[in-house]
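Residue numbers (our numbering), protein chains in the order written: chain V, 8 to 260; chain Z, 27 to 240.
I should point out that these hints are in silico values taken from the structure, not numbers from a laboratory.
One or more of the hints may lead you astray.
[Said to hold, decoys possible] Taking lysine-lysine and the DSS-like style, the derived pairs with C-alpha atoms no more than 27 Å apart in a straight line are:
hint : chain 1 : residue 1 : chain 2 : residue 2
1    : V       : Lys253    : Z       : Lys173
2    : V       : Lys247    : Z       : Lys188
3    : V       : Lys253    : Z       : Lys165
4    : V       : Lys240    : Z       : Lys196
5    : V       : Lys253    : Z       : Lys106
6    : V       : Lys108    : V       : Lys194
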Amino acid sequence: MIGNTKIDIKNLNVWFEDNHVLKDMTLAIKANAVTAVMGPSGCGKTTLIRALNRMNEVIKDSRTSGEIYIGEQNIYDRDTNVYELRRKVGMVFQKPNPLPKSIFENIAFGPKVHNVARGKRLDEIVKRSLKEAALWDEVKDRLQDSAFDLSGGQQQRLCIARALAVEPEIILMDEPCSALDPAATAKIEQLIRTLAQNYTVIIVTHNMQQASRVSDFTVFLYLGRVIEYDITKDMFEHPKNELTEKYITGEFG
Amino acid sequence: MSRLIDMDLEQLTEMLVRMGEMAHKTVSLSLMSYIQGRGSLGEVQELSDTLILMADEVESKAFEIIARFQPVASDLRILKSYMKISYDFTRYGRYALDISQIHSMLGGARECENWIIRVIKEMSERTLSMVNASVKSLKSHDAEMAKTLSETENQVDALYSKYLDRLVEKAPATNKCTISSVLATRYLERIADHATYIGESVVYLSTGERVTLR
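Chain V on its own, in the form it takes in the complex:
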């Protein structure tokens, strides 16, 4: 497949206690593109993206083997700085989860924690992040309002802006539109396409039409294995694996 590899996953296995969730997964995720991860419930979609910023480690009795390279660095090497990794690999969750603070403070929180900016520079980061998340025009006159005053769709874009504020390279999105109405979903989808110009975006979605609308590449997982990984257009027109065909045409799942 065309494009440079951003994330190189080699023989990845993840267990939660005795449950072998991801099985010998090898996958090269392309840079500056949107990759959709789809598959039936329990196939390992969320576990896969959480492996990319070592978020599975916060779950008790989880175990990971294999290698994930971002650039030259195997993120599972002992000397990896996990906080730096999570700055580089941002995450947006299913349900918008703003902090109980003002709109401004939600965005400023990350740069403050990472100690990268204050004062005027911080103002600039907040403005840039909100603009990149296509939220600036809607909130520029009320930055001190509570983030909870925003609509669901705006809150989700705020969470995306928060992820962008720490200048990540990769953005992981776990069902980012599942709690949103069609209009808010359309805005997030447009935003995802725009973000792909500067970031590598990986989105987990149950919604196949959404995967086909927003992604350049699609991974189909089943029972913890990669069944098919292809250019989205090709997978939705002519899947090469019978399981993929059956899943995307609704014969199972």
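Since chain V is already given, all that's left is putting chain Z on it; use the hints.
Same frame as chain V, now just chain Z:
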């Protein structure tokens, strides 16, 4: 458990197969009339017009299915192919009508010498067998049967080209026959081309493979 989309796809397949059978009937009627020298322009015109209406119905139904179910994979390939095939069926009807019009204006095969009649009959039989095979392969989504259309199309092409060469060499009895038969054989050759387009669509919808059968 069958899917919601299946019932609509089955309905669309039935519509298209009915259209194919009517297209076959149209071509067959026009050719038989041309060879046997009996007028059928009015009837062929009516059938050709009906095929155009049926193509509109197929297209509307396909659009409805796209809007309601957002099909992908083989479902999507079926819809794309069906819309193409319905157009090819209207072309069968249009060329059948052209042949009937030539017959009406210039006379049919009876105006010609026996050797020309034999060529027209042979081309007609092979072309009609292709029309038949294209409809059959569509009915059963049979990619292998569709691929065999390529061979017959080569035969029709060869007959057409050889006929033109012989015509130049031998010069037929009347100008009417020359014009009428050249046009009729040309239309037969085009009908055969459309049969291979249908074959290509059938291969694509059933396997996803893009082939050229011409």
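The hints, checked one at a time:
Between lysine 253 of chain V and lysine 173 of chain Z, the direct Cα distance comes to roughly 26 Å. Compliance with the 27 Å bound is thereby established for this hinted pair. In summary, the hint linking lysine 247 of chain V to lysine 188 of chain Z is not supported, as the alpha carbons are separated by about 44 Å, beyond the 27 Å threshold. Distance check on the hinted pair: lysine 253 of chain V and lysine 165 of chain Z sit about 22 Å apart at the alpha-carbon level, within 27 Å; holds. Distance hint between lysine 240 of chain V and lysine 196 of chain Z is unfulfilled; the C-alpha atoms sit about 56 Å from each other, more than 27 Å.
With a C-alpha separation of about 19 Å, the suggested pair lysine 253 of chain V and lysine 106 of chain Z falls inside the 27 Å cut-off, and the hint holds. About 24 Å separates the Cα atoms of lysine 108 of chain V and lysine 194 of chain V, which keeps this hinted pair within 27 Å; it holds.
When each numbered hint is compared with the structure, violations occur for hints 2 and 4.
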